[in-house]
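Working from the sequences, and respecting the hints, build out all of it.
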Amino acid sequence: MKKIILYLFVILSFSSCEKIIDMDIPDEGRKVVINSIFCDSAQLVVSLHQSRHILDDDQFNVITGAVVKVIYENGTAEILTENGTTGYYQSASTARLRGSYQIEVTSGGEITSAATKIPVAISVVSVDTNSYESEGDPMFSMDVQFDDPEGEKNYYMLGITRPPWYGSGMSDNYRIFINSMDPSVQIDYGGYLIFSDELFNGRSKKLTVEMSKYEFGNDTDSLDVTIELRSLSYDAYMFYLTSSAQLNQGAYSFNEPVQVYNNIENGYGIFGGYSFFVRLLRVPSYNKVPR
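Numbering (my numbering), first residue to last: 1 to 291.
Everything labelled a hint here was simulated from the structure, so no lab data went into it.
Predicted, not measured: the structure shown is a model, and the values here were computed from it.
Don't take every hint at face value.
[What the hints assert, rightly or not] Derived pair list, reagent style DSS-like, types lysine-lysine, alpha-carbon separation capped at 25 Å:
#, residue 1, residue 2
1, K153, K117
2, K69, K31
3, K117, K31
4, K69, K153
5, K117, K69
Following this line, the structure appears as structure tokens:
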């Protein structure tokens, strides 16, 4: 009987401590959200939609009928063409100038703007390869070397792709999963390694990346992999870092939330640029690599 009374007392104690808190989260209205990370060899495509309140359950509303103007470093300007009612706006040309960019979006009587740049592409000077085993698994490494410009901060993204396997039904190149123990590498974002030149500013850099030989498949004697070194604007770099941190923290609700980088004036989103250098490298397929 005493145990039952004690049990009821504990339950009543906890239930009496419960308090319902009504949170009054202010609604400051809807803002324009601009999303565009563009390169120097493709159309500039901008996605526009409205922000929403944190308690809204509705989908994001795309913005149609906006005037989207892009101003290039040489002073010329272009009005982007709206693609139907999708909320996407695109440039007429696929060739992009390197240098600074400004965007101005006029919608609902409000002007939303941002500025960024497309940096100069950095060439891959050399690639050295090596085959080895790690805990019984066949591995392959590449030493990717490039020269970092001095006197400026630079931000990079490195990725490696291969053609699709025969009979896989895939049409696009397959991104190879790569890893690096280099202290410069900060995150892996969608198969790309992201890093800055903070530890090697103005010097030649050799970045070692590792991958499983199984990534090369065995449907051919050899295949050409594509090594892509992207030069990021600061804005694109910060967006990748912070959005990755937010995604990684999403499962831990008690952690302090990560604020995703935003460079939009009078709105939200990201406007960033990048250039890239590609180098082809022929590697043997898995069953042809010495083990």
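Point to revise | Distance restraint between K153 and K117, which requires alpha-carbon spacing of 25 Å or less | key: 13 Å, holds
**Study point:** Holds or violated: K69 to K153, with C-alpha atoms at most 25 Å apart
**Key:** Violated, because 28 Å separates the two Cα atoms, which is more than 25 Å.
Practice item. Quickly compare the C-alpha distance for K117 and K31 to 25 Å and report which way the hint goes. Key: With a Cα-Cα distance of about 24 Å, the restraint between K117 and K31 holds, given a limit of 25 Å.
Exercise for review: Take a quick look at whether K69 and K31 sit within 25 Å of each other, Cα to Cα.
Suggested key: 18 Å, holds
Review point. If you draw a straight line from the CA of K117 to the CA of K69, is it 25 Å or shorter?
Key: Holds, at about 15 Å.
In the structure shown, a violation is registered for the earlier hint numbered 4 alone.
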